[in-house]
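Protein sequences, first through last, are from chains A and B. Residues in the first sequence are numbered from 1 upward in steps of one, following this note's numbering. Residues in the second sequence are numbered from 1 upward in steps of one, following this note's numbering.
Everything labelled a hint here was simulated from the structure, so no lab data went into it. Check the hints yourself; a few may be wrong.
[Unchecked claim] Distance condition first, Cα-Cα at most 20 angstroms in a straight line; then the derived SDA-like pairs of lysine to any residue:
| # | chain 1 | residue 1 | chain 2 | residue 2 |
| --- | --- | --- | --- | --- |
| 1 | B | K260 | A | L126 |
| 2 | B | K241 | A | E81 |
| 3 | A | K104 | B | S253 |
| 4 | B | K339 | A | S8 |
| 5 | B | K339 | A | F163 |
| 6 | B | K241 | A | E192 |
| 7 | A | K33 | A | G11 |
| 8 | B | K260 | A | R123 |
| 9 | B | K61 | B | L11 |
| 10 | A | K279 | A | F299 |
| 11 | B | K260 | A | D139 |
| 12 | B | K177 | A | L79 |
| 13 | B | K260 | A | N137 |
| 14 | A | K116 | A | I73 |
| 15 | B | K260 | A | V43 |
| 16 | B | K128 | B | V114 |
| 17 | A | K104 | B | E245 |
| 18 | B | K331 | B | A135 |
| 19 | A | K279 | A | N257 |
| 20 | A | K116 | B | L265 |
| 21 | A | K104 | A | P121 |
| 22 | B | K260 | B | V114 |
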Amino acid sequence: MTTTPKVSLRGLYKIFGPRDKEMMQHVAAGMGKPELLEMHRHVLGLQNINVDMQAGEITVVMGLSGSGKSTLIRHLNRLIEPTAGEILLDGVDVTALSPADLRKMRQEKMSMVFQKFALLPHRTVLQNAAMALEVQNVDTATREAEAMKWLHRVGLKGYENRFPSQLSGGMQQRVGIARALTSNSDIMLMDEAFSALDPLIRTDMQNLLLELQKELQKTIVFITHDLDEALKIADHLVILKDGAVVQQGEPQGILLNPADPYIEDFVSDINRARVLRVKSVMTPLHDPSMLDKLKGKTFAGDVAILENLESLIARSEGDTSLHYRVMDGDTPVGELHMRDLVKALVPRVSSTA
Amino acid sequence: MAFYDGLFDALGLRDWCDQDAVVAPMSMADLLKANQADAIDPNAEAFPFPSLDELHTACGKISQTRDFTTGIEDSFLAARAGLKTVLDPITQPLSLALDSTLYVFETTPWWIIVPLLVAFAWFVSRSKWVTAFVAGSFLFLGAIDHLHVALQTLSIIFVCTGISVLLGVPTGIAMSKSNLLQKSMVPILDLLQTLPTFVYLIPLIFLFSVTESKLYGIAIILYAIVPVIRLTDLGIRLVDKDVLEAADAYGMSASQRMTKVELPLALPNIMAGVNQTIMMSLAMVVIASLVSAPGLGVLVLRGIRNLELGVGLVAGFGIVLLAVILDRTSKAALSRVDKASKQ
């Protein structure tokens, strides 16, 4: 993509310990996480992170616990100070902001949703949702009207005057999301926002998020350890391991072409039929002139480019000899043989195995 | 011939010892010993502990233990004038507050002050049971002619608790923000809490005249301020880290964070501290009657001094009644705050 990214991380390092700046030279000289811990008692939290986050996209950072994903998201609003590197927000280096400017940036440009909700227990749902604007000294009537609007939007109409502890986990997180939306910031940071919820509620919340995103086009940075969740909502997927980016890109691409055994292991347990879309496995037409090529052939039917494989398998009733034409709206863009589809369902066996 | 003579001889310090040796005034023990000259002291040990007194008998240069306590006394007396010029004006408002509150409690007719106090109990506790109990207690104290002294005690407690909260909460906040301050304050708070209550009065009697009300005011505050400081510090340190992170993430300034997040969330703990502070000022106000604090304590003291058993016991029961009133009322207020913050 040629557009300038909304947020971009350049050579970001984080070392935990009292003499982190001194440790940078060891890390720059190629020392790894275990060696640094053993020889200098410093923990390498993040190493050489370079990620671009585009405006209006959901960037999902995924990794197991201890991979540094929560550390990474806290660098974006500088809840954690980086050891080295740049964090560019609309081209401005966040690491160079003064405390007052930093506060202003946190108030106006970024909002955050937390795994444990982090609502104020002594305030009502409405007051909690209005908190972001209260910090900016917006008057009560205006901020409560705005908060009310978003509470209704996330499905909490009628709960405004309850206290957070009277609500279920899912509802509390809806308050968390309403609070983030009320701040009217472009960027929303979501730190394992749905991880504490049970699976059905989690699916509901993911759908809510996708629905809101379709309408609001915010720049969302979403942290998760759940690959299914990551694949469902990601426009851009970043996979972290031991504080370093192992692979990043379009989720379908990562699924079909995992860069290393770590990711192969990761993606092997996924229900690929549900995640993969026709677009990723079809044989595309490289240019419109090849349209004629399709004309002579006979197809079992047309499929939409964004349809997932599961629904296509259901339609073909398991017949692997069928051949479909792929349509993007009204224009044919490729063809798909059921045999290729079945092949794509088998995960690439780990190269080390 | 003292036991340790040989030691000083062996160290070659004999000359230094005998050189213008301190001739201390003779103590009663010395006098008795001198009168029984040559008689073998039946208490003499074969190997006495090398205490200051024992060493003094061998070497005149070494001072006696009583010089040590006199030294402390002298240095305190020397510093007294300086301390007094500094402390007197600072603590004057305390005298004023104590005296004027006492005046108000004493001169307001009972049919105004008692309903006011009962209404106050209702206002903070919002509990019918507690309010009824408070009203009943006041009526009982009135019936046995102890209302007047009970109100004196109550007025001192109100002033001292109020000042303790006023000073203690900011101190607790400062402690929660600085580990260094916390580390240095904790031993002082431990000292204040463990020092026997009578010991507080000793230096204060030297500093201020016994007729001044701030004398007992300071003693009560020093003793009672500890829990409110400790629990404010604890309460703020226990505030959920996730909520604080949220406050930071939405760009709250330090003062917004304190007033909108930290203090409200620490309030149940602070209230528990206030409850303890009230109870401790009640304990101290009785002892403070030794230094002219008015109230029920004076009657207890009279009971002890004149062996008036009935007077002492009835006053003691009055104190228990006050303690129960204060505890129930402040606990009811605490649970109300607790419920509000956990809703």
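To see whether the hints hold, each was checked on the structure:
Note on K260 of chain B and L126 of chain A: the hinted pairing holds, with a Cα-Cα distance of about 15 angstroms set against a maximum of 20 angstroms. For the proposed pair K241 of chain B and E81 of chain A, the alpha carbon gap of about 17 angstroms is at most 20 angstroms, so the pair holds. Between K104 of chain A and S253 of chain B the alpha-carbon distance is near 10 angstroms, which keeps this suggested pair within the 20 angstroms criterion. For the given pair, K339 of chain B sits about 45 angstroms from S8 of chain A by alpha-carbon distance, which is inconsistent with the 20 angstroms threshold.
Restraint check for K339 of chain B and F163 of chain A: satisfied, since their Cα atoms lie roughly 11 angstroms apart, inside the 20 angstroms limit. Of the pairs offered as hints, the one joining K241 of chain B and E192 of chain A holds, with about 16 angstroms between alpha carbons and a cut-off of 20 angstroms not exceeded. With a C-alpha separation of about 17 angstroms, the suggested pairing of K33 of chain A with G11 of chain A holds against the 20 angstroms cut-off. With a CA separation close to 10 angstroms, the supplied pair K260 of chain B and R123 of chain A stays within the 20 angstroms bound.
Taken as a hint, the K61 of chain B and L11 of chain B pair is honoured in the structure, with Cα atoms around 14 angstroms apart against an allowance of 20 angstroms. Proposed proximity of K279 of chain A and F299 of chain A is supported: the alpha carbons are some 17 angstroms apart, at most 20 angstroms. At roughly 16 angstroms between alpha-carbon atoms, K260 of chain B and D139 of chain A fall within 20 angstroms of each other, so this suggested pair holds. Note on K177 of chain B and L79 of chain A: the hinted pairing holds, with a Cα-Cα distance of about 18 angstroms set against a maximum of 20 angstroms.
This hinted pair checks out: K260 of chain B and N137 of chain A have alpha carbons roughly 13 angstroms apart, not beyond 20 angstroms. With a C-alpha separation of about 15 angstroms, the suggested pair K116 of chain A and I73 of chain A falls inside the 20 angstroms cut-off, and the hint holds. With a CA separation close to 34 angstroms, the supplied pair K260 of chain B and V43 of chain A exceeds the 20 angstroms bound. Restraint check for K128 of chain B and V114 of chain B: satisfied, since their Cα atoms lie roughly 16 angstroms apart, inside the 20 angstroms limit.
Using a Cα cut-off of 20 angstroms, the hinted pair K104 of chain A and E245 of chain B holds, with the two alpha carbons roughly 16 angstroms apart. A C-alpha spacing of about 17 angstroms is found between K331 of chain B and A135 of chain B, which places the hinted pair at or below 20 angstroms, so the restraint holds. Our distance criterion of 20 angstroms between C-alpha atoms is met by K279 of chain A and N257 of chain A, whose separation comes to about 15 angstroms. For the proposed pair K116 of chain A and L265 of chain B, the alpha carbon gap of about 17 angstroms is at most 20 angstroms, so the pair holds.
For the given pair, K104 of chain A sits about 25 angstroms from P121 of chain A by alpha-carbon distance, which is inconsistent with the 20 angstroms threshold. A threshold of 20 angstroms between alpha carbons decides the hint, and for K260 of chain B with V114 of chain B the separation of about 36 angstroms lies outside it, so the pair is violated.
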